[in-house]
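**Student:** Residue-level listing of the chains:
4 protein chains.
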Amino acid sequence: MPTILGQNQYGKAENRVVKITRDGATHHIKDLNVSVSLSGDMDEVHYSGSNANVLPTDTTKNTVFAFAKEHGIESAEQFGIHLARHFVTSQEPIRTARIRIEEYAWERIEHAGRGAHSFVRQGQETRLTQITYDGEQWEVVSGLKDLVVMNSTDSEFWGYVKDKYTTLPEAYDRILATQVSARWRFNWTDDEQEMPHWEKSYEQTRKHLLQAFAETYSLSLQQTLYQMGSRIIDNRGEIDEVRFSLPNKHHFLVDLEPFGLKNATEDGAVYYAADRPYGLIEATVLRDGCEAKIPVDLTSL
Amino acid sequence: MPTILGQNQYGKAENRVVKITRDGATHHIKDLNVSVSLSGDMDEVHYSGSNANVLPTDTTKNTVFAFAKEHGIESAEQFGIHLARHFVTSQEPIRTARIRIEEYAWERIEHAGRGAHSFVRQGQETRLTQITYDGEQWEVVSGLKDLVVMNSTDSEFWGYVKDKYTTLPEAYDRILATQVSARWRFNWTDDEQEMPHWEKSYEQTRKHLLQAFAETYSLSLQQTLYQMGSRIIDNRGEIDEVRFSLPNKHHFLVDLEPFGLKNATEDGAVYYAADRPYGLIEATVLRDGCEAKIPVDLTSL
Amino acid sequence: MPTILGQNQYGKAENRVVKITRDGATHHIKDLNVSVSLSGDMDEVHYSGSNANVLPTDTTKNTVFAFAKEHGIESAEQFGIHLARHFVTSQEPIRTARIRIEEYAWERIEHAGRGAHSFVRQGQETRLTQITYDGEQWEVVSGLKDLVVMNSTDSEFWGYVKDKYTTLPEAYDRILATQVSARWRFNWTDDEQEMPHWEKSYEQTRKHLLQAFAETYSLSLQQTLYQMGSRIIDNRGEIDEVRFSLPNKHHFLVDLEPFGLKNATEDGAVYYAADRPYGLIEATVLRDGCEAKIPVDLTSL
Amino acid sequence: MPTILGQNQYGKAENRVVKITRDGATHHIKDLNVSVSLSGDMDEVHYSGSNANVLPTDTTKNTVFAFAKEHGIESAEQFGIHLARHFVTSQEPIRTARIRIEEYAWERIEHAGRGAHSFVRQGQETRLTQITYDGEQWEVVSGLKDLVVMNSTDSEFWGYVKDKYTTLPEAYDRILATQVSARWRFNWTDDEQEMPHWEKSYEQTRKHLLQAFAETYSLSLQQTLYQMGSRIIDNRGEIDEVRFSLPNKHHFLVDLEPFGLKNATEDGAVYYAADRPYGLIEATVLRDGCEAKIPVDLTSL
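Chains as they are written, first to last, in this note's numbering: chain A, 20 to 320; chain B, 20 to 320; chain C, 20 to 320; chain D, 20 to 320.
There may be inaccurate statements among the hints.
[Stated by the list, open to error] List of simulated lysine-lysine pairs, DSS-like, C-alpha gap at most 25 Å:
#1 K183/A - K281/C
#2 K268/D - K38/C
#3 K38/C - K281/D
#4 K312/B - K38/A
#5 K281/A - K312/B
#6 K38/B - K268/A
#7 K268/C - K268/A
#8 K281/A - K181/C
#9 K181/B - K281/D
#10 K38/B - K38/A
#11 K281/B - K281/D
#12 K164/A - K164/B
#13 K183/C - K281/A
#14 K38/C - K312/B
#15 K281/C - K38/D
#16 K183/B - K164/D
#17 K164/A - K268/B
#18 K164/A - K281/D
#19 K38/B - K183/C
#20 K268/D - K268/B
I should point out that these hints are in silico values taken from the structure, not numbers from a laboratory.
Next comes chain A alone, as it looks inside the complex (with noise of 0.2 Å):
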């Protein structure tokens, strides 16, 4: 046979599922989009058609709904723990099942009424977790995605490599923006040793990481990106590594002086928000001794 198979994972992607929890008048809300993908022993349905190893798609999607009525949603990261868990254990062709998850926040509306059931999509960033299990090992990856940030000054871009290419002015007092997509990976492998608290941890990682992008004074946005993912390693003790893919947004200087204004004054300035193309900066920021797992691409470009 000339053509062999290899690696090879599937499952049912994007299961929007709501969960409402009710204390009373009091209801909480979990809403997230869950993706399942396993794999093991696969060849048949490949080779030949024969779906004999194949738990359909269908089911990972119905056993989603299932399990958030029967374990709750305590957090995005154990609801894929219970999920990737109970296929690996109960499905012996299935070996690794590795669990995606996206969670949407909501925040409550202030009002008059009796309860607290009324919310507001707060839309800012998507927090993600990614579960993987093989039977003995965890691993667990969580981040963020879509979280716009900008510095108004203390941003520079000046030193750099000239050739005959190079056109871009040296700069000494610019907008750094960028829309943060992150990764960070916990040393929580194995049943035996104590849980994360995912929410807390989650709250804290990012809180790190917004003040660390606020409180450095940025020489390029790599020392940024090195800046935030060293504040959560050393703050946090249950992650070993961070990954960052940092468009840099570019906010360029409008040119008003063909209409006999000057644009950056004491008082401010005005920009041009660009779309295309962009700087992308991309890091693996590491506890020392570690050894980086998260894959380099986050994104496809």
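Could you slot chains B, C and D onto chain A? The hints should help.
**Tutor:** Coordinates of chains B, C and D only, in the frame set by chain A:
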């Protein structure tokens, strides 16, 4: 000539202008997407290609950026008024200017640093305004889009018409969720009138809209829509008309009986958040005696 | 009562219906996205929440799917006519029905297999139609969106107004590219009239539009627009009105002089395809003596 | 230092370069979206913000546009090879360059005009390539995305595992539709080897992929995937590995029994095209004896 020219307009769309105002170490952001549309004596450019009456769209773009410096951006509405007045009064062939603006909100990042120049984009709704000026009368229509809200109870739907294609069971406790798209028209039309306080008006209108959504015990999304509109008309004297386009973001109770589970119980339930199709409810709410002027179609569906 | 209800409409949007017709081993596809919008005697559902006059949006969805089986889908227009007639004639409170349809085109995959049931989605433009019926008169507006076209020469732009904000240099040979959004209104309004051949009308109208774009030596995008519209009116007697919304997809000649390169030479040139901002040109072209009825705003920008 | 830097890369993403080549009155288009990513001796810019080894992303953008003029764009692959070689060989700190390119296809508009310079964008798939060069070895991975295909019969799904969460009925005649995302790796790795004919290779690989989809009587999407991959490996000696990510675009037979209609009949049936959730099938097909190098994750779900 068998064909003639009808209504026409042109301009530069989606000028992404960001204005940073510095008040010492404290910075402020206005982040707008400005679209200019001009009409007037433009027959010749269509019939023969003569551009003698055409101010280039590139010039309208330059004007947006220059005005951000010259006049600042006190509010999206005020900025649109400056622009519309300029085009109509400075170019004889231009009879009407319409300025549409999207505004993106930012909040400050709390941190221990020295200055106040670090921001995170809120990401909730997009604020909107449209300014139209014909040299005499102003029309200002503001609004918002993509504000996602949910009541997890206090919503019913029953007592409807049944025909041969009706299979929907009546519901006595359902989730009501929608992604609000709203436009409201101000009764300020004349330079002689006192101008509304645009920023405060937006903040209060948004608050009334959210509170009416939360406080209405709903028998239909139409009823909730009307309550949202009339709450605004009742409380904001500067507004005469509101139009909503409300997709019903369906959250279906999942049937868990095949798995031996009862879904809707005292402590909550599990829902499937559907994408398409969706109910789409649209209506205008008017101050009595006023004429409706906001176009019927806020969507193209 | 200080507030009143204005225009209102409701229905199920984006019903994704696919009809496969089998003619022996040869299959045919119709792939539609159908949105239903109904209006009539609907005050009470807004004021009190009484659904006594409300046919559920879920029922309108069921009707779409059932009609695809009962009547087939000869064309999007004919299918919309069946649906609109049904809602207005079968439900007393419903006075007007508006059906909007997007159609996605597929072509056959050429292969050595037995049957003709393999397809690849064309992906070029999306075909559109809107059917409105009030029980007496029909209005049919068809069209298309997202048809991207380019002339790589035979386009100029000069002789325009210069004011203090004008910096654009005149162009004597530029790329002209746009993403066509067009709507055309048929003069068929009455069941007594002979109905147009909807499929052939679409095919021919699209062909005239493309050819007029290609054959016009353009001094402005407005001129090209008018040529496209008048070509349709001249050639298609069933159409009285056309409206276009044409974003100018700017392709800027890149300045390569800093690198010692001349860009625009006899054998071609390099362009930067910009995203935002963009010129936006919109106009109606009418058969002389006809009234314009297509709404001015095909976009919300 | 408790934290260290891991893998890192940077560059300018999404440079939208359009090259028009003039061959008398006949013009040719190459329309690319080019993303540059460089890595090497970049520790200092992360640790201290020193840009001494950093070629600005703005310079990489300029290089893309200048190279389009200097070298032309014979194919996306050849263009990427020029760029990657340049960055690695001209800048000492840069050890590896990765160039990713999306290509958009255009076809000519048939018309009666003089020249051949009018085009309509095809809009079907997006062609992809990724060139990686470390100064010694080349890796070229090409592919496509967003190619939507459907078989309206000759697809079954039965004989699968049933557990307590399984409710799916077996299917003996269903629609099989997917949106193909594929990547294939060439065995050209060295300047000494003869280079493949990139344009012909793409055209033929796409053809084999489509024909294998059409000609496979499918018992599972996995089987179809494997057939598509092995057809390519069997027919294209320049390719050693193919990876697919195939969402199962579900078309559900609508239950029309409540309306007294039988849906699936000899002359066809009506389907509901669902959005989410969807099955997602991913696998690699390899030439026997070759090592898999294409990353497992083509999507982030």
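**Student:** If a hint holds in the structure, say so; if it does not, say that too.
**Tutor:** Hints versus structure:
1. Pair hint K183/A plus K281/C holds up; C-alpha atoms about 15 Å apart against a cutoff of 25 Å.
2. A C-alpha spacing of about 15 Å is found between K268/D and K38/C, which places the hinted pair at or below 25 Å, so the restraint holds.
3. The straight-line distance between the Cα atoms of K38/C and K281/D is roughly 14 Å, inside the 25 Å bound, and the hint therefore holds.
4. Between K312/B and K38/A, the direct Cα distance comes to roughly 41 Å. Violation of the 25 Å bound is thereby established for this hinted pair.
5. A C-alpha spacing of about 41 Å is found between K281/A and K312/B, which places the hinted pair above 25 Å, so the restraint is violated.
6. Among the hinted pairs, K38/B with K268/A is consistent with the structure: their alpha-carbon atoms are about 15 Å apart, no more than 25 Å.
7. A C-alpha spacing of about 22 Å is found between K268/C and K268/A, which places the hinted pair at or below 25 Å, so the restraint holds.
8. For the given pair, K281/A sits about 21 Å from K181/C by alpha-carbon distance, which is consistent with the 25 Å threshold.
9. Of the pairs offered as hints, the one joining K181/B and K281/D holds, with about 21 Å between alpha carbons and a cut-off of 25 Å not exceeded.
10. Distance check on the hinted pair: K38/B and K38/A sit about 41 Å apart at the alpha-carbon level, beyond 25 Å; violated.
11. Restraint check for K281/B and K281/D: the C-alpha separation of about 32 Å exceeds 25 Å, so the hint is violated.
12. Pair hint K164/A plus K164/B holds up; C-alpha atoms about 22 Å apart against a cutoff of 25 Å.
13. Taking the CA atoms of K183/C and K281/A, the gap is near 15 Å; set against the 25 Å cutoff, the hint holds.
14. With a C-alpha separation of about 40 Å, the suggested pairing of K38/C with K312/B is violated against the 25 Å cut-off.
15. Annotation: proposed proximity of K281/C to K38/D holds, straight-line Cα distance about 14 Å (limit 25 Å).
16. The hinted pair formed by K183/B and K164/D fails the criterion: a straight-line CA distance of about 43 Å is larger than 25 Å.
17. At roughly 23 Å between alpha-carbon atoms, K164/A and K268/B fall within 25 Å of each other, so this suggested pair holds.
18. A distance of roughly 47 Å separates the Cα atoms of K164/A and K281/D; the hinted pair therefore is violated under the 25 Å criterion.
19. The suggested pairing of K38/B with K183/C holds, with an alpha-carbon distance near 22 Å, which does not exceed 25 Å.
20. For the proposed pair K268/D and K268/B, the alpha carbon gap of about 22 Å is at most 25 Å, so the pair holds.
Violation of the numbered hints given earlier is confined to hints 4, 5, 10, 11, 14, 16 and 18; the remaining hints are satisfied by the structure.
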